[in-house]
Amino acid sequence: MAVERSVTLRHIASVSFGKDSLAMLLLLLEKGMPLDEVIFYNSEMEFQAIYDIRDRMRPVLEQRGIRFTEVKPDAPFLYYMLEKPINSRKNGFHHGYGWCGGPCRWGTKLKMNALDSLALDAEKHYVGIAADELDRLEKLKAPKCSPLAEEGITEADCLEYCYQRGFFWEENDVRLYDILDRVSCWCCKNKNRKELKAIYQYLPHYWSRLKELQAQIPMPMKPYSRMGVPYGNVFDLEKVFEREIREESSVPLSKRRAA
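Residues in the sequence shown are numbered consecutively from 1, following this note's numbering.
Where hints are given, some of them may not hold.
Stated by the list, open to error - Estimated spans, in silico, between C-beta atoms of each pair:
{"hint": "1", "residue 1": "Glu248", "residue 2": "Lys139", "range": "27 to 33 Å"}
{"hint": "2", "residue 1": "Tyr51", "residue 2": "Arg193", "range": "23 to 29 Å"}
{"hint": "3", "residue 1": "Arg136", "residue 2": "Gln48", "range": "22 to 28 Å"}
{"hint": "4", "residue 1": "Glu44", "residue 2": "Val229", "range": "31 to 37 Å"}
{"hint": "5", "residue 1": "Ala75", "residue 2": "Arg165", "range": "35 to 41 Å"}
{"hint": "6", "residue 1": "Glu247", "residue 2": "Thr69", "range": "47 to 53 Å"}
{"hint": "7", "residue 1": "Leu29", "residue 2": "Glu138", "range": "23 to 29 Å"}
{"hint": "8", "residue 1": "Ile86", "residue 2": "Pro223", "range": "16 to 22 Å"}
Claimed, not checked - DSSO-like mimics (lysine-lysine), calculated; alpha carbons at most 27 Å apart, straight line:
{"hint": "9", "residue 1": "Lys211", "residue 2": "Lys189"}
{"hint": "10", "residue 1": "Lys72", "residue 2": "Lys124"}
{"hint": "11", "residue 1": "Lys111", "residue 2": "Lys239"}
{"hint": "12", "residue 1": "Lys124", "residue 2": "Lys144"}
{"hint": "13", "residue 1": "Lys111", "residue 2": "Lys141"}
{"hint": "14", "residue 1": "Lys124", "residue 2": "Lys111"}
{"hint": "15", "residue 1": "Lys211", "residue 2": "Lys194"}
{"hint": "16", "residue 1": "Lys109", "residue 2": "Lys144"}
{"hint": "17", "residue 1": "Lys239", "residue 2": "Lys211"}
{"hint": "18", "residue 1": "Lys211", "residue 2": "Lys141"}
None of these hints come from the bench; they were simulated from the model. Glycine residues also receive a C-beta, built at the ideal position from the N, C-alpha and C atoms.
Between the sequences and the hints, there should be enough to build the whole structure, so can you do that?
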């Protein structure tokens, strides 16, 4: 989505309002570092906790005279996922890219293109890459820079930094970072088995939405199989998770603690 900008903004921060980028933003504000604009890419598929923190930070930015720009894809995420006409060599003609993640990271491409296009004239483009994300840091090119790395702040430090300042990413009385490795889009194909099981167990609203998507996407969300039998389809995963949780609940508490 095009954004009109009549003023050249020299110091820009890309902020997703996950732990790393929020820690970066808080660091910039606390240190009084130059910051003209915060850019947030809204895929419309984020966890509600992300939007809650966005809404909490917007007045803070406004009070400091920092511009907040929210960007969305040119067409809705679900259009790209389910409806966009695609003609590929491998799969022929079909509708929608399907699940986003793995080798098919079409959502990430949309996001990066949108964010980078808004920061072309920036003197500095702050990004939330932690000090221990070495592969990502090696790929950074000016004007992009990492305040977190410059301060030696790791991913674990970022979470603690945010917790100390009262940001917890809570939904259904659960801290999302207690059950998820990353609070990325709730429908991301890159979510691992542990995370998917946690969504099923603790965040049933999102699990229901995953089932709605799987009903419209022929490809299973994950490539899992057991003894040659695939079970990566969300509906199959639900049966597996339900059985596992039932078995776990039947184990005496003392044995569960010992394990």
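Cross-check of the supplied hints:
no.: 1; hint: Glu248 with Lys139: 27 to 33 Å; in the structure: 41 Å, violated
no.: 2; hint: Tyr51 with Arg193: 23 to 29 Å; in the structure: 27 Å, holds
no.: 3; hint: Arg136 with Gln48: 22 to 28 Å; in the structure: 27 Å, holds
no.: 4; hint: Glu44 with Val229: 31 to 37 Å; in the structure: 35 Å, holds
no.: 5; hint: Ala75 with Arg165: 35 to 41 Å; in the structure: 36 Å, holds
no.: 6; hint: Glu247 with Thr69: 47 to 53 Å; in the structure: 49 Å, holds
no.: 7; hint: Leu29 with Glu138: 23 to 29 Å; in the structure: 27 Å, holds
no.: 8; hint: Ile86 with Pro223: 16 to 22 Å; in the structure: 20 Å, holds
no.: 9; hint: Lys211 with Lys189; in the structure: 13 Å, holds
no.: 10; hint: Lys72 with Lys124; in the structure: 22 Å, holds
no.: 11; hint: Lys111 with Lys239; in the structure: 34 Å, violated
no.: 12; hint: Lys124 with Lys144; in the structure: 6 Å, holds
no.: 13; hint: Lys111 with Lys141; in the structure: 18 Å, holds
no.: 14; hint: Lys124 with Lys111; in the structure: 19 Å, holds
no.: 15; hint: Lys211 with Lys194; in the structure: 17 Å, holds
no.: 16; hint: Lys109 with Lys144; in the structure: 17 Å, holds
no.: 17; hint: Lys239 with Lys211; in the structure: 12 Å, holds
no.: 18; hint: Lys211 with Lys141; in the structure: 40 Å, violated
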